[in-house]
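Protein chains: 2
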Amino acid sequence: MPLGERSGHKESRYCGVETEFYDDIPQLLAYNISSGGFDFAVAPLMDPAYRPSLMEKGTGGSGVLPFAGSDLVLSPSQWSSHVVGKISSWIDLDSEDEILRMDSETTLKQEVAWASHLSLQACLLPAPKGTSCANYARCVNQILLGVNNMQLWLRIPLLKTDDDSMDINSNSLVDSWELWNSFRMLCEHHSQLSIALDVLSSLPSANSLGRWFGESVRAAIIDTDSFLTNARGYPCLSKRHQKLITEFFNHSVQIVISGKPVHGLPKGSADLAANNNDSNFDGVHRHPLRSYLDYVGYLYQRMDPLPEQERFELGYRDFLQSPLQPLMDNLEAQTYETFEKDAVKYIQYQRAICKALQDRVPDGKALMITTVLMVVGAGRGPLVRASLQAAEETGRKLKIYAVEKNPNAVVTLHSLVKLEGWENIVTIVSSDMRYWDAPEKADILVSELLGSFGDNELSPECLDGAQRFLKDDGISIPSSYTSFIQPITASKLYNDVKSHKDVVHFETAYVVKLHNVARLAPSQPVFTFTHPNRSTNKSNQRYMKLQFDIPSETGSSMVHGFAGYFDAKLYKDIHLGIEPTTATPNMFSWFSIFFPLRTPVVVHPGSSLEVHFWRCCGPAKVWYEWCITSPSPSSIQNSNGRSYWVGL
Amino acid sequence: MPLGERSGHKESRYCGVETEFYDDIPQLLAYNISSGGFDFAVAPLMDPAYRPSLMEKGTGGSGVLPFAGSDLVLSPSQWSSHVVGKISSWIDLDSEDEILRMDSETTLKQEVAWASHLSLQACLLPAPKGTSCANYARCVNQILLGVNNMQLWLRIPLLKTDDDSMDINSNSLVDSWELWNSFRMLCEHHSQLSIALDVLSSLPSANSLGRWFGESVRAAIIDTDSFLTNARGYPCLSKRHQKLITEFFNHSVQIVISGKPVHGLPKGSADLAANNNDSNFDGVHRHPLRSYLDYVGYLYQRMDPLPEQERFELGYRDFLQSPLQPLMDNLEAQTYETFEKDAVKYIQYQRAICKALQDRVPDGKALMITTVLMVVGAGRGPLVRASLQAAEETGRKLKIYAVEKNPNAVVTLHSLVKLEGWENIVTIVSSDMRYWDAPEKADILVSELLGSFGDNELSPECLDGAQRFLKDDGISIPSSYTSFIQPITASKLYNDVKSHKDVVHFETAYVVKLHNVARLAPSQPVFTFTHPNRSTNKSNQRYMKLQFDIPSETGSSMVHGFAGYFDAKLYKDIHLGIEPTTATPNMFSWFSIFFPLRTPVVVHPGSSLEVHFWRCCGPAKVWYEWCITSPSPSSIQNSNGRSYWVGL
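Here the protein sequences come in this chain order: A and B. Counting from 52, one number per residue, gives the positions in the first sequence under the working numbering. Counting from 52, one number per residue, gives the positions in the second sequence under the working numbering.
Looking at chain A on its own, in the form it has when it is part of the complex (with noise of 0.2 Å):
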């Protein structure tokens, strides 16, 4: 029984009771599922005092391996729906005992090929005992290149100390981030190796435990003991907690519930811990870990529906898209559709088109001064209807040229003119603005022609094409625009580019909507691009160095790549853009760009990331070359732009 629906989400959350061995599985889904009201057990598969060393050798042995009943006690949907395999904790594969280690590699393989055999979602692997993992990984390493669809969910206690101590060489285990980062590079960021969290009664910082968002983390393991106690004698969670388990439900991981009832136990049930097996399983008695779920449940039930622009975008949520190529290509009448919904853009362009119009024109000659305005890249005409409102509004006259290259859209903007009896006041100019011969020269050039990275969409190359027939104290819609970038671990859009086994993925820059992504350090700004453009230099190739300083409380963090935006100065105060610190709210035409490093980089405290960008531009394309040089150099991606590039 999951958790609820919570309005709009699509999926259902899920809550899990961690169990010991017990060698009657039906009973024990039994006690825990239908009964205790979990939806899934992770219960150990093995007889946890198996020692493959201690078993007699040729004779004697049955040679049956002491697994929790067989493969018939349940039907395969049960096996896959209620049951994750639980590795045998005593494994240590990088103990110095050879013996220990030998028995644990046997034991690993021959618990994850029982589980494979049984078609279960997931095996949940200890926790490495110590700071080396070396060994461990191998072992799984190995597995992971046999295994199917399972995934191998490594259990990594939720735990880093606020010792800034830069004592490398330490031996004890300061940050079990790093314990996993080394296990998953060892296992060449194996998409099918993801990360089970303890969560314990003490919890990191907020920015050290934000890494983890940008981790495959599937499932957090809270143990009875992180539960606080309320006045009626109740589990409940600290406020920290409750906000870590509200954002483990935002991000998809599952719960689990670990450990003895230590709180609040319902008269009589005392001594019925879920995790002894002398227990009670007879199915009336409540399940002893009932009021933890319940209050899971509780914290699921209570968060704020999702508003409506986010439900939209849960479909787009991590999802690589090329970019649009809008020079290049025509787009299509779905695409106008969609661009067109966004109100809230729309507002923007009208609010600064009637501050251009009201300084072009005081009031005093309002009636007398006609005003040029051209709308370059009208598409299917919504800059058009908001700068004639912009008219109504101020009470100027205008006379708009509708410029767009598109003739498929020029067919949906004379109709528009025909419906809206603009006929007077809008002429249409079907042409490249690059080209155009224009009649006369604009007061007001209006455009918009930005991506997600502000010049992406060859907006300068355009606007400079366009400058031509401004005047000279002609005014530009937008009047500059800004990139901006930071650095973000995101192993799933690593590994789904990762995926494509080449190297023109990895140097291509992709929309997306980010979510399971942990942003490093605040964003900075790359390129700026001013219009009308009066410099004496009228390149549009760029380049700038930039320096992130990832904090020190953070701990080590693993850069896949940056999320690119871009804010854009309409005219003078008014802007619009998806800068996350001054993002125009709900607006939704444009998503974070991600640029993918081809190898990812780990930054420790302490040591800064320097990062390389430049826009190229050939004689029919422009693209993005990018780089960094610390703390170690990387190869420079998408050379001469060679793998992505926005033709001219």
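No wet-lab data here; the hints were simulated from the structure. Owing to the predicted nature of the structure, the values given are computational and were not obtained by experimental measurement. Hints should not be assumed to be uniformly reliable.
Copies of the same chain are indistinguishable here, so a pair counts whether it falls within one copy or spans any two.
Claimed, not checked - BS3-like mimics (lysine-lysine), calculated; alpha carbons at most 25 Å apart, straight line: (1) LYS416 to LYS448; (2) LYS672 to LYS160; (3) LYS160 to LYS469; (4) LYS416 to LYS450; (5) LYS589 to LYS160; (6) LYS450 to LYS311; (7) LYS623 to LYS492; (8) LYS620 to LYS596; (9) LYS623 to LYS522; (10) LYS596 to LYS180; (11) LYS180 to LYS492; (12) LYS448 to LYS623; (13) LYS596 to LYS160.
Guided by the hints, dock chain B onto chain A, whose structure is given.
For chain B alone, kept in the frame of chain A given last:
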């Protein structure tokens, strides 16, 4: 005119001269080459006064770039064999000055395009001006992707202060290797990007110099200022410089003389500097740098001739070979032929067998006791011969079984036995030693099943099989063997592996005569096997974690992979092996083995390199996996033996 051919060397060495801009290239060559005696000139191709931004745009300018003469002034072969293009040294692509940056990029691209048009073999790129070189590298990387066969030599001063300051944020360049490393990493280790080292008057420490012999150094530019003056007033070099130049000769590095003459000028030529455009190019006067050239020629001529073994191995230097699979495949006659020529190896075996026979049978019983000796893997009989000679030498009586699985070698064995009249002593057994049903047990088991990495040709598995027919107190020769590894810089090998553009080649170990490599730390033992194996643990799986500390005076270093060796204890103090510090002299049966790293790793002074090696055994194959975990974790290479394995 080459510096001369050294006995046994296949290639000659050449010496060039760096010149200033002179727009009459034929005269420049006549002066420096025909008359001056140099082999080639490193000459600027373009007037150094040229700046693209100062050219009149559109009007007036002829549009002709100020190159030194047209392509017609020399024949194509003269251009390519006598001229290395020296790129304008004023360029600075990482300047704060944007105009200078853009002028630099334009000029660099024009000059390289011209050099490419002339089919020059190489261009000399000026050294980066500061510690930052990302934009320079970006531009060179773009060029590298387009240029055909030309090499780009990046000029790098041979500079490393002995300051052990760990202040990595220091802006002053303390180690020019770091600059080179950044540049080549940004250019993705491109094989056409190489190094021209500027040799200065003071030299860094020997360890630090050693790094460069693993890098792609193509030229060493020696400034006249770096020469000392000998008693007769002529230029000479310090002992350390002489040693370095000799090493350059040994590593096919061309020498270039640069600068103004400052030593022992012949009378009357005191003001005739080579690098002075006013020089009297009349061919009558001796070239003012001739005495430097003569000295370099003298250093080359006085080198010791190459020993015979090294001459034999010249063609194999840095040439990657797949290891033999003598168990799965049958060796060919040619292979036996080669190995049987290695007298040193069989002398060691004979010495070991002598000792074993003497230990086995006291002098007094020599005539009474017949020792049963089995040669397992007898091949075409060299160990049979060595055993017989040992018997003769010690006066012991022998009965020999020669066990061989290759039926083709058995043919030879039979004829050998007849030819030599060994019928009464030697019994030939055509069988795989693992499955042979021996008629009696052996006193001594002699085998030579070792690969470059000791156990890599499955000696352990074979001898485990043969151990059945060794007496309980019997002797195995070899009695044990150990593999060794050490981290190396090996850019040539790395690029050869990379050229296959797949993972498989990076996960393969290669047999290779290592030459252009830097050995960064002493080798350490990895896996040891002892025969007969009387321990309870019969597994031949192994796991070893090693930590290498690179001497801090070396500076940062690039680890491209690991050189592997073995040492075998034949019997008591008689050993043979190829581990560099204990290698058996004049033995040529084994080259080293090379384990590449998919991602080469930079190790900084003070941080250590932690390496893990596994020997894994499956039902049908044995393979190695390897990874590093410090300074940062790599992926585990060759998981499950997916790329490289040895068949059982």
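Going down the list of hints, with the structure as the test:
Within a single copy, LYS416 and LYS448 get their C-alpha atoms as close as 10 Å, which meets the 25 Å cut-off; across copies the closest is 127 Å, which misses it. In this homomeric assembly, LYS672 and LYS160 come within 25 Å of each other (Cα to Cα) only across copies, at 18 Å, whereas the closest approach inside a single copy is 53 Å. Taking the shortest alpha-carbon separations for LYS160 and LYS469, neither the intra-copy value of 74 Å nor the inter-copy value of 55 Å comes in at or below 25 Å. For a Cα distance limit of 25 Å, the shortest separation of LYS416 from LYS450 inside one copy, 16 Å, qualifies, whereas the shortest one across copies, 123 Å, does not.
For a Cα distance limit of 25 Å, the shortest separation of LYS589 from LYS160 across copies, 20 Å, qualifies, whereas the shortest one inside one copy, 64 Å, does not. Taking the closest pair of Cα atoms, LYS450 and LYS311 never come within 25 Å of each other, the shortest separation being 77 Å inside a single copy and 73 Å across copies. In this assembly of identical chains, LYS623 and LYS492 lie within 25 Å of each other by CA distance solely inside one copy; the values are 22 Å within and 99 Å between copies. For the identical chains of this complex, LYS620 and LYS596 are intra-copy neighbours only, at 23 Å inside a copy versus 58 Å across copies, given an alpha-carbon limit of 25 Å.
Within a single copy, LYS623 and LYS522 get their C-alpha atoms as close as 19 Å, which meets the 25 Å cut-off; across copies the closest is 97 Å, which misses it. In this assembly of identical chains, LYS596 and LYS180 lie within 25 Å of each other by CA distance solely across copies; the values are 17 Å between and 42 Å within a copy. Neither within a single protomer nor between protomers do LYS180 and LYS492 lie at most 25 Å apart by alpha-carbon distance, with minima of 74 Å and 48 Å respectively. In the homo-oligomer, the alpha carbons of LYS448 and LYS623 lie at most 25 Å apart inside one protomer (21 Å), although the nearest pairing across protomers, at 107 Å, exceeds that limit.
In this assembly of identical chains, LYS596 and LYS160 lie within 25 Å of each other by CA distance solely across copies; the values are 22 Å between and 48 Å within a copy.
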